[in-house]
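Each chain, letter by letter, is given below.
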Amino acid sequence: MEPLTLVLAWPLLFLVFGVVLIALGEIGFMSFMVWPIIIVLLFIVFGRARKSSGAPNDIDKLEDTRRWLVVLSIAAFLPLLMRYLLLFSQKSLTVIIAGLLAGFGLTIWAMFIKNNQVVTRANLIGGGITIVYIYFQLWNLGQGARIIAAAVGLIVAVTISIIKLRDRLT
Amino acid sequence: MKNQGTKVAFGIIIFLFSVALAYFTAWYFEGQSGGTVGRHAFRGPFMGYPYGQNTPGIEAFWITLLIFGGAYILIGILVARIFPVSLGFLFSADVVLLHALNDQYHGLNNGIKSLLIFVLLIALYTFAYLKLKNKESVPRPVIPGQS
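Chains as they are written, first to last, in our numbering: chain X, 5 to 174; chain A, 344 to 490.
It is possible that part of the hints are untrue.
[What the hints assert, rightly or not] List time: in silico SDA-like cross-link candidates among lysine to any residue, alpha-carbon distance up to 25 angstroms:
id : chain 1 : residue 1 : chain 2 : residue 2
1  : A       : 476       : X       : 115
2  : A       : 474       : X       : 116
3  : X       : 95        : X       : 67
Simulated from the structure, these hints should not be mistaken for lab results.
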């Protein structure tokens, strides 16, 4: 099973990242984001390789590349999934609220994950972009929706702050 | 090092030949179905073909490519222990499938796109949880008598 996993990992990652680039390329102005994402990924991988102590070997570089491919893929897919769900449901309020809760849920999940930096980073970046995207959609729904969105954000932020910073407050 | 180089070279050769075989066969069947051979390989607005436009033989072209993509994935899995062969076939399956997806993606229903991305997200999260946990730092050995 292990040789199969080793063999499938990289082609699958390339396939998934290719789907990310295709999906991003479809979105009007976002198609310009495709090349910066690739450049950022290269900087991250080779920049980290230079900064790491000792001589970074090829295995470490490959491992870093693999991790960041997964992080960027998840981070890109989350807002894309939300976009397609909104389009499919014709921007129904239910889906917008569910998307908002999902976005906040992902960022909260990221704060409580232990031992998995890949999922933490992916959820923080992806969840953050998803929240921003949903807020842009809510903006068009009128004053009431904006007030609700701001209130939800405030409640979540305060709750997380209390949980995470409780030790430092007392 | 020489052995590694040989493996990489063979992998690249297998990749190139398998991609060539897939596209040559697809163009053949496109021509047999009444299409113009070779013109539709890289359709898109920049080549003068608006997305979604159906040209003669194009269905045969894409179906052939998809069949080859699936076959290459199967072969890649079956020969997983021979890395150069397996990776050569799997990467050529990537090329073929991504090309097909790039052409057809814009015509897909938003529900299907959502489903596709949802499935890929589940796969990525599963992979990240099972294979990409934080590396545990190896504790430095403590030598008695040294501070």
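Original post:
Is residue 474(A) within 25 angstroms of residue 116(X), Cα to Cα?
Top reply: holds, 19 angstroms
Subject >> Hint consistency between residue 95(X) and residue 67(X) [alpha-carbon to alpha-carbon, up to 25 angstroms] >> reply: Measuring from Cα to Cα gives roughly 40 angstroms; hence the hint is violated.
Subject >> 25 angstroms Cα cutoff - pair residue 476(A), residue 115(X) >> reply: Holds, at about 16 angstroms.
The structure fails to meet hint 3 from the earlier list, while all remaining hints are met.
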